[in-house]
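Asks: Work the whole structure out from these sequences, hints included.
Line by line, the protein sequences are chains L and S.
If you read the first sequence in the working numbering, its first letter stands for residue 1, the second for the next number, and so on.
If you read the second sequence in the working numbering, its first letter stands for residue 1, the second for the next number, and so on.
Hints were generated in silico from the structure; no laboratory data involved.
It is possible that part of the hints are untrue.
Unchecked claim - With a cut-off of at most 25 Å between alpha-carbon atoms, the simulated DSS-like pairs for lysine-lysine come out as follows:
no., chain 1, residue 1, chain 2, residue 2
1, S, 38, L, 50
2, S, 40, L, 53
3, L, 50, S, 45
4, S, 39, L, 120
5, S, 53, L, 155
6, S, 35, L, 39
7, S, 45, L, 38
8, L, 105, S, 40
9, L, 53, S, 38
10, L, 138, S, 49
11, S, 39, L, 53
12, L, 120, S, 35
13, S, 120, L, 38
14, L, 138, S, 138
15, S, 50, L, 38
16, L, 40, S, 40
17, S, 49, L, 154
18, S, 45, L, 39
19, S, 35, L, 60
20, S, 40, L, 38
21, S, 38, L, 45
22, L, 65, L, 53
23, L, 35, S, 53
24, S, 50, L, 39
25, L, 154, S, 60
26, L, 120, S, 155
27, L, 39, S, 53
28, S, 105, S, 13
29, L, 49, S, 155
30, S, 39, L, 39
31, S, 60, L, 155
32, L, 40, S, 39
33, S, 35, L, 49
34, L, 38, S, 38
Claimed, not checked - Restraint ranges, calculated between C-beta atoms of paired labels, are given here:
no., chain 1, residue 1, chain 2, residue 2, range
35, L, 43, S, 115, 29 to 35 Å
36, L, 101, S, 81, 35 to 41 Å
37, S, 57, L, 148, 21 to 27 Å
38, S, 81, L, 83, 46 to 52 Å
39, L, 77, S, 71, 44 to 50 Å
40, S, 112, L, 77, 33 to 39 Å
The beta-carbon is built from N, C-alpha and C at its ideal position, and this holds for glycine as well.
Below are the chains, spelled out letter by letter.
Protein chains: 2
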Amino acid sequence: MEETLTSLEILQKAIKSEVEAFQFYNKLQEVVENKVLKKKLNFLKREEKKHEKLLRNIFKNQFPKEKIKLPKKGFTPLPTIEKIEKLSLESLLEAAMEAEEISEKFYRENSILINDENSKRLLIYLSSMEKSHYQILKTEYDLLTSFTSYEAYKKFSLEHLGP
Amino acid sequence: MEETLTSLEILQKAIKSEVEAFQFYNKLQEVVENKVLKKKLNFLKREEKKHEKLLRNIFKNQFPKEKIKLPKKGFTPLPTIEKIEKLSLESLLEAAMEAEEISEKFYRENSILINDENSKRLLIYLSSMEKSHYQILKTEYDLLTSFTSYEAYKKFSLEHLGP
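Replies: Structure, rendered in structure tokens:
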């Protein structure tokens, strides 16, 4: 049975998820060698940081008397930081794409449960931004998987997409 | 009847379209007051500049002996620079979204006509990037159109998405 979250819990879980997404992209951009992808991951990392801020503001508006208590885990199933160096880039991009899809759905579905009109708008806005993130990752994923090896992809990126 | 373009003409038309898209976003980012949107348009503008470069490189690889001759118009129906200040933000975003959709289709369809494997890959890559651009614009468009006035949208952006 799925647990029913209160809007306070939803927001806390969302903040935690954005923190985790930031940490994930932050580590991933350190690890990847391809500069084009590194830049894209840096962009995504900064976006997730902005989302965290935005959610903290929604929380403050909705629950001015409450303190934010982050749960142990967010709602996205991202690999732990320790695992990042052990996984292939293909698996990492797949995990990130899945997390963005789940985020998109989470924000869209939960926007219905929030009464305040502006907070609702912001959740829909976040949902739509996660959809762009998914597409940014998919562009890179499709390019990577069009090659038979990671080395061939790296060589192509360096030669055609610039250093 | 639709005209059939050679791969040389396709590339020249694509380069011209990216130049036009760059000019469009460049002017639009000057005109909009909302800082979040301004940043996004700046991002899009820089991306189109990179696409132009990428296409020029494909051209050089495919036709090392030819000089690039840009046609009068690209393939995207963007408003002229003079019209930008006369149109509503809603119409401008709609035009930009349509242009990104047409670009996505144009690159995907024409990737089939190019023989060289790497140039083909790059056109598919461009197509997929235009899809992300569409989604970035749609996020902002949906937010804008959720308000009854441009002023309300501007006020919301300033208060909730930061200066």
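Asks: Taking the hints in turn, state whether each one holds.
Replies: Against the structure, the hints come out as follows:
1. 38/S - 50/L: Given that 25 Å is the threshold and the Cα spacing comes to 16 Å, the pair holds.
2. 40/S - 53/L: holds, 18 Å
3. 50/L - 45/S: Holds, at roughly 21 Å.
4. 39/S - 120/L: The hint holds at about 23 Å.
5. 53/S - 155/L: holds, 18 Å
6. 35/S - 39/L: Roughly 22 Å separates the two Cα atoms, so the pair holds.
7. 45/S - 38/L: holds, 20 Å
8. 105/L - 40/S: Given pair residue 105/L, residue 40/S holds - Cα atoms ~23 Å apart, limit 25 Å.
9. 53/L - 38/S: holds, 20 Å
10. 138/L - 49/S: holds, 21 Å
11. 39/S - 53/L: At roughly 17 Å apart (the allowed maximum being 25 Å), residue 53/L and residue 39/S satisfy the hint.
12. 120/L - 35/S: holds, 21 Å
13. 120/S - 38/L: Holds. Residue 120/S to residue 38/L sits at ~23 Å (cutoff 25 Å).
14. 138/L - 138/S: Holds: residue 138/L and residue 138/S sit about 18 Å apart, inside 25 Å.
15. 50/S - 38/L: holds, 16 Å
16. 40/L - 40/S: The hint holds at about 14 Å.
17. 49/S - 154/L: holds, 22 Å
18. 45/S - 39/L: This hinted pair holds, its Cα atoms lying about 16 Å apart.
19. 35/S - 60/L: Judged against 25 Å, a Cα distance of about 23 Å means the pair holds.
20. 40/S - 38/L: Between residue 40/S and residue 38/L the Cα gap is close to 19 Å, so the pair holds against 25 Å.
21. 38/S - 45/L: Holds. Residue 38/S to residue 45/L sits at ~20 Å (cutoff 25 Å).
22. 65/L - 53/L: holds, 18 Å
23. 35/L - 53/S: holds, 17 Å
24. 50/S - 39/L: holds, 13 Å
25. 154/L - 60/S: Holds. Residue 154/L to residue 60/S sits at ~21 Å (cutoff 25 Å).
26. 120/L - 155/S: holds, 16 Å
27. 39/L - 53/S: Roughly 17 Å separates the two Cα atoms, so the pair holds.
28. 105/S - 13/S: The given pair, whose Cα atoms are some 14 Å apart, holds under the 25 Å limit.
29. 49/L - 155/S: Roughly 22 Å separates the two Cα atoms, so the pair holds.
30. 39/S - 39/L: Satisfied, since the Cα-Cα distance of roughly 16 Å is no more than 25 Å.
31. 60/S - 155/L: holds, 19 Å
32. 40/L - 39/S: Holds - the C-alpha atoms of residue 39/S and residue 40/L are around 16 Å apart, at most 25 Å.
33. 35/S - 49/L: Answer holds: residue 35/S to residue 49/L is near 17 Å, not above 25 Å.
34. 38/L - 38/S: holds, 24 Å
35. 43/L - 115/S: 29 to 35 Å: At 33 Å between Cβs, range holds.
36. 101/L - 81/S: 35 to 41 Å: holds, 38 Å
37. 57/S - 148/L: 21 to 27 Å: holds, 23 Å
38. 81/S - 83/L: 46 to 52 Å: holds, 50 Å
39. 77/L - 71/S: 44 to 50 Å: Roughly 49 Å apart at Cβ, these two residues keep to the hinted range, so it holds.
40. 112/S - 77/L: 33 to 39 Å: Between residue 112/S and residue 77/L, where Cβ atoms are some 37 Å apart, the hint holds.
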